[in-house]
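Undergrad: Listed below, chain by chain, are the residues.
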Amino acid sequence: MTAYFIQAFIYLCAAVIAVPIAKRLGLGSVLGYLIAGVVIGPIIGLVGTETNTLQHFAEFGVVMMLFLVGLELEPRMLWDMRNKLIGLGGLQVGLSTLVVMGIAMSFGYGWTIALTVGMIFSLSSTAIVLQTFNEKSLSKTEGGKNAFSVLLFQDIAVIPMLAFIPLLALPELVEKAQSLAQTAAEHHEEMSLVAGLPGWAYAIVVLLAIASVVVGGHFLSRPLFRYVASSGLREIFTATALMLVIGIAALMSLVGLSPALGTFLAGVVLANSEFRHELESNIEPFKGLLLGLFFITVGAGINFEVLFANIAPVLAMTFAVMLIKALVLLVLAFIFKIRGSDRWLFALSLAQAGEFGFVLLSYTVQNHVIPTELAQLLSLVVALSMFLTPGLFILFDKVILPRYEKTENTREPDDINEKGTVIIAGVGRFGQIVNRLLVTNGVKTVVLDHEVQQVENLRKINTKSFYGDATQPDLLHTAGIDKAKMLVIAIDDPERAVGLVEYIKHTHPHVIVMARAFDRRHLYRLRNAGADFMVSETFHSALNLGKHALIRLGVHPFKAEQQRATFYETEVTHKDTLYEAWKQVTEDDKYLVHYRDMFIQLEETLSAAMKDERYRSFSKMERGWTPPPKNNHTEFSQSENDEA
Amino acid sequence: MTTAAKKILVLYAHPSQERSEINKPLFHATGLQPNVTAVDLYAEYPTFRINIDKEQQRLVEHDVIVFMFPLYWYSTPAILKEWQDLVLEYNFAYGANGKALEGKTFLCVLSAGGSEAAYKEDGFNHFTLRELLRPLEQTANLTGMQFIAPFALFCARSAFEENRVQNHIDKWITTLKALSEDRIDIALAQKVEKLNDHLDQVIREH
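First to last, the sequence lines map onto chains A and B. The numbering used here applies: residue 715 is where the first sequence begins, and numbers increase by one. The numbering used here applies: residue 6 is where the second sequence begins, and numbers increase by one.
Derived from the structure by calculation, the hints contain no laboratory data. Check before you lean on any hint, since a few could be wrong.
Listed next, the stretches of chain B that the computed footprint assigns to chain A, with coverage defined by at least 3 CB atoms under 8 Å from CB atoms of chain A [said to hold, decoys possible]:
id, stretch
1, 50-58
2, 94-101
Below 16 Å or equal to it, Euclidean Cα-Cα: the simulated EDC-like pairs (lysine to aspartate or glutamate) are [unchecked claim]:
id, chain 1, residue 1, chain 2, residue 2
3, B, K12, B, E94
4, B, K12, B, D187
5, B, K59, A, E786
6, A, K850, A, D1196
7, A, K1344, B, E107
8, A, K1001, A, E1283
Every residue gets a Cβ at the ideal spot worked out from N, C-alpha and C, and that includes glycine.
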């Protein structure tokens, strides 16, 4: 037990130190984990052979990642992107694979190895690239959007690759492994449902397993999640999410399929579900940690002896891979008419190999497709190319962008079609109306509510909404707070509303926060917390009712409307002074009197404004449309008698 | 020129700017000029609650007052009329003590859908543009401002397709500069029918 604690501590410690530093240096978290692994493995030697065992365990992070990738893939979004996905992404993966394969074969490798190497190098690093795009706000550029569709295609392409690689197994490696395994197999046999079944039965079992994931995911998961969600226990929801992912992975292993494939399917099935964001936020931390662990083990597994013995070929291969990938991308950019600096961004950002390369490599070794020594060299190439990626972005920023800036500045600014997503927290009576106005104006919204019933009702009337507690940072994250332009807070709990404003303004200052207040004091507290716009939920409707009361009492409707507007404007002109007074009250009780005075003063100003005081500046109504004085016989009274 | 630059106030009124092809870019270019205060009235007063004090203060601070608008029913869009009704008060703009606007220059910058030929006695609209703008001209007279000829674009609905917008904007910017540098022959500018037809004569060289 003690040994486990010490090991876990070493791993965590390395990650905690290395990852933030790497991120601050612009290297991204993936490289941070790799560096951490290199340091505790080959350099200091704190960890040793157990990394191999750990790596198998950590690979479960990849399974979770594919579940999350599946969750992000709404069928409709995929359909909209189909041209770019299949055209751009398919050609990138296909061409890169073929070129790398051709070169590998010309060096005398067999076609199976060459093809596998091609597939490994055709993939780019989703984690590094997307993170860098976000940091440099390149996501919305033409180059960034195209790069994203290529990355998405690659993420999906991993699944057939995982299915395909075992078919490429080398007979001599398999034999060697089998003779080794003979002895081991006596002790524990792999559990399997399909061992010894004839081909047709195997096919049926596999189809049944897949069907059960799809059908079960579609029909059974909702009642299950609803049942669990209504219990209101967060950790049980997490347990359910984990149970689902692990269960599917187990089922797939039992029938001899890739667990990643199964969870990916389940993810796609659940992509339209109202529990999507809550699921994401529950699985995300596990995935993040396990993937981190996976990269650490990759780093720890780097063999420095191999590296120094082969430094020239490794460097040559790295540059060759990056050059080939960049050239393929440039050709594609040319064909797909990506212009100017975007073409270079597209080509340079995706030129590295990626984290899926590591996954495929360890998978190929397990399946005896590539000899271990070659795999070690290749993983060095993958890692090195990832290390060089920040350099490519710097090249883009410093050399390429300045060249294009002059010509591109003359372009008209783009029309703001992309309004950015608005997250609406709470869709009760208040949030619903806000949502309807925004959606009917073409604004993309993500609606969150912690009442399962509420979410269900909204879904019935075709309002896209998600179950989840909007005050949970994880859920906000999966709902897209990082990219959101605005957050509308309309939740029922005043305390948590204030807390949410504080949290968002602290962690995501770029997000505009619009908040619903319950009363005057709550409004001040929201303002104090940093909300950009607040409105008391009853203020405008009460004023409106008051106006109609005046009308029913015989006041002319236009006059009543002017009185309503004057009331509102008086309130607005006093809001700052009242707020300042309130702030002093919260600091010290003796200011309570002061605040009361201010409030009384507001009331006095208000009644004055409502009365017939011609030259008070706030009382526009009494000044507006005033005729010249009566019995005015100066020279101009004749010239504008029609005004009088 | 040693005198200080004239300050120009442009009051812009367009209630459906998402459809605007002429006034919107014209107003945008106007806002980029020095010595110009460009006010989008519909943006500032979406509920027509015009702040009289603020608007009067603006008038006092500027030497040239410009209404910029598309011609709606031979007149300004509604908010400019509301603005006149509220801001041009007795004893501010007119009356025994109403001298705040005296000596300022006033002009309209507008676009009209009809052709120039339609705005003739024998044309489709029977009256010339200057005749139709008489209420504004008389308002300027009463308040002591010099009303100069309108800066107008006819056949506005096809100007974008016929690439006439940029030329119109360039000419207006030239006029704005001349107004600011006091290089406009006011007497002549008051006489002509349409300012942009006579820029060569109306604008003096330094």
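Undergrad: All the hints need checking, so say for each whether the structure fits it.
TA: Checked hints:
1. 50-58: Result for this restraint: holds, n = 6.
2. 94-101: holds (count 5)
3. B/K12 - B/E94: Violated. B/K12 to B/E94 sits at ~22 Å, over the 16 Å cutoff.
4. B/K12 - B/D187: The hint holds at about 10 Å.
5. B/K59 - A/E786: Between B/K59 and A/E786 the Cα gap is close to 52 Å, so the pair fails against 16 Å, i.e. violated.
6. A/K850 - A/D1196: holds, 13 Å
7. A/K1344 - B/E107: Answer violated: A/K1344 to B/E107 is near 24 Å, above 16 Å.
8. A/K1001 - A/E1283: Not OK: A/K1001 and A/E1283 at ~53 Å, beyond 16 Å, violated.
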